[in-house]
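Given the sequences, and given the hints that come with them, work out the whole structure.
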Amino acid sequence: MVAKPAVDVDVINVIKKINMKYQLLFVGLLMLGVSLKSMAQDSIEYKKRVLDQMEIKILSSYYSQDGDNAAVTGGRGTEELTDFAPTINVAIPLNDDDVLTIDASVSAYTSASSSNIDPFDGDGRADPFVESTGDSEKDTWFGFSANYSHSSDDRNTIWSVNSSFAIEYDYTSIGFGGSYTRLFNEKNTEVQLRGNVFIDFWNPQYPIEFTSGFNPNIFEFTGTTNFAPDFEEFVDTDRNSYNVGINFSQILSKSIQTSFISDVVLQDGLLSTPHQRVMFADIVDTVVEDFTLGNDVEKLPDSRLKIALANRTNFYLTENFILRSYYRYYTDDWGIDSHTFELEIPIKLGMKYTIYPSYRYYTQTEADYFNGFNQALSTDEYYTSDFDLAEYDAHQYGLGFKYYDPLTKLKVGGFGLKSINVEFNQYSRTSQNFDAYFTSIGLIFSALK
Amino acid sequence: MIKKISLISIVFLSLTSCVAVKEYEKVKLNDPDMQLSQSDANKMKSTFQSYREASSGANGGKTGGGCGCN
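Going down the list, the sequences are from chains A and B. This note's numbering applies: residue 1 is where the first sequence begins, and numbers increase by one. This note's numbering applies: residue 450 is where the second sequence begins, and numbers increase by one.
Rather than coming from a laboratory, the hints here were simulated on the basis of the structure. One should not assume that every hint holds.
Said to hold, decoys possible - Sample of chain A residues at the chain B side, in silico, Cβ under 8 angstroms:
no., residue
1, Leu-309
2, Tyr-362
3, Leu-389
4, Phe-438
Claimed, not checked - Beta-carbon label-pair distances, calculated as ranges:
no., chain 1, residue 1, chain 2, residue 2, range
5, B, Ser-486, A, Tyr-62, 21 to 29 angstroms
6, A, Asp-405, B, Val-476, 28 to 36 angstroms
7, A, Ala-104, B, Val-476, 29 to 37 angstroms
8, A, Tyr-359, B, Ser-486, 19 to 27 angstroms
9, B, Ser-486, A, Asn-226, 14 to 22 angstroms
To be verified - With a Cα cut of at most 30 angstroms, we get these calculated BS3-like pairs of lysine-lysine:
no., chain 1, residue 1, chain 2, residue 2
10, A, Lys-299, A, Lys-48
11, B, Lys-471, A, Lys-48
12, A, Lys-187, B, Lys-492
13, A, Lys-299, A, Lys-47
14, A, Lys-348, B, Lys-475
15, A, Lys-57, B, Lys-475
16, A, Lys-352, A, Lys-57
Here the structure is a predicted model, which means the values were calculated and not measured. Note that the Cβ used here is the ideal one computed from N, Cα and C, for glycine as well.
In structure tokens form, the structure reads like this:
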């Protein structure tokens with residue numbers, strides 16, 4: 001028997017030690033890997049879905065207004081209008097992080113002032129305070145939009161893209177945009193950047209007296225036959241809007257949070273409304289039956305820069321009372337400055353029911369180009385008699401009611417009813433004879449798990 | 450203009466320096482009526498307001514698109 005040389009034994013021991021080290025290293029790496037995988041799985045398991053289940057919102061509004069200063073008839077005439085607008089909005093969670101929202105709306109309106117684009121197609125005498133009939137009396141607007149949003153795993157970053165399409169008889173609008181939102185400071189601070197572009201196209205409808213073939217001589221009229229010395233059809237019928245906005249939101253305490261909102265909008269193209277008449281003070285009026293014919297349609301600059309800055313602050317006062325406040329300052333390069341104040345006080349009646357009294361005050365200065373009925377001069381470069389651009393104050397009073405059940409105990413098919421919201425608002429201008437009423441109802445359903 | 454921007458930045462930065470409210474302390478802030486975004490009813494309201502009033506924007510509603518001419 002031959003004894004092993006001592007050097008071989010040492011080599012074997014060294015090799016064993018190295019193996020042991022490698023084994024320990026391997027086991028260590030394995031444990032680290034399992035641990036990291038486990039942590040990753042944990043973070044996936046505990047990541048809350050941005051939207052748990054598909055949500056369907058069915059919204060509907062009814063709006064009516066009346067006043068004496070219709071822009072279609074040069075700032076004097078009925079503004080009677082009704083609008084019924086149902087909307088369906090579907091939010092679909094594509095996975096834990098991504099949500100696709102699709103919105104389809106219809107707005108069906110009847111407008112007495114629009115009917116007076118042609119005031120001579122009715123049965124009675126033409127009169128700016130009497131609704132005419134014909135195609136321009138009513139129209140339907142269709143709108144579609146889609147929004148896709150993605151949230152990061154830690155929910156501190158959200159980006160979204162959106163597109164929209166809307167069409168009615170004389171107007172088409174295509175829009176697209178996006179936003180980037182970042183949350184900081186344990187989600188106490190939020191900054192959002194937004195951008196949108198709208199590419200719009202007019203199909204201009206001019207007042208009947210400006211269309212070829214109109215002959216005032218077939219009517220009973222006073223004044224001159226040369227009633228529209230300045231009228232020319234618009235050559236450029238596009239309108240583009242470019243919007244960028246920044247939101248900054250901050251939690252101030254356990255019961256107060258605030259948000260500063262800003263929007264800058266640049267518009268260019270045809271910013272006039274082609275069927276809104278203007279009557280000049282320095283041109284003899286032509287009155288057919290009881291209707292004053294236009295001397296021109298409104299002419300407004302082909303660009304407008306709008307800046308809006310706002311603050312919204314919400315206070316959780318008690319278990320039953322919340323105060324929601326809003327203020328906005330607006331200015332543009334057409335000479336309009338406005339202030340908007342709004343207060344809403346949600347009052348909770350038990351766990352599921354809330355009522356919402358609200359008040360809103362609005363005031364604006366008039367546009368540089370505004371003139372009342374028959375007050376613009378034919379020598380002016382720009383003019384309008386649209387009283388929406390006049391100086392005025394407005395008050396709005398509202399009352400809403402909400403049923404809210406996050407557990408969706410009431411089932412309808414494969415969906416649970418999450419909330420019902422009904423709201424009524426009355427709006428009036430103090431310096432003009434103008435009143436409007438707005439009623440809305442909204443139902444939100446959530447798909448059952 | 451630079452002074453105004455600096456002042457606004459200081460105000461914003463001072464707001465962020467408030468003590469952070471923890472997630473478990475946000476019960477009141479998470480109430481649906483405390484949300485800073487507009488409700489659906491308010492979005493519909495702001496649409497008709499943007500048609501009838503000369504101003505728009507900074508309210509979560511429409512900022513462009515559409516003639517608003519009815």
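Does the structure break any of the earlier hints, and which numbers would those be? Hint check: 6, 9, 10, 13 fail, others pass.
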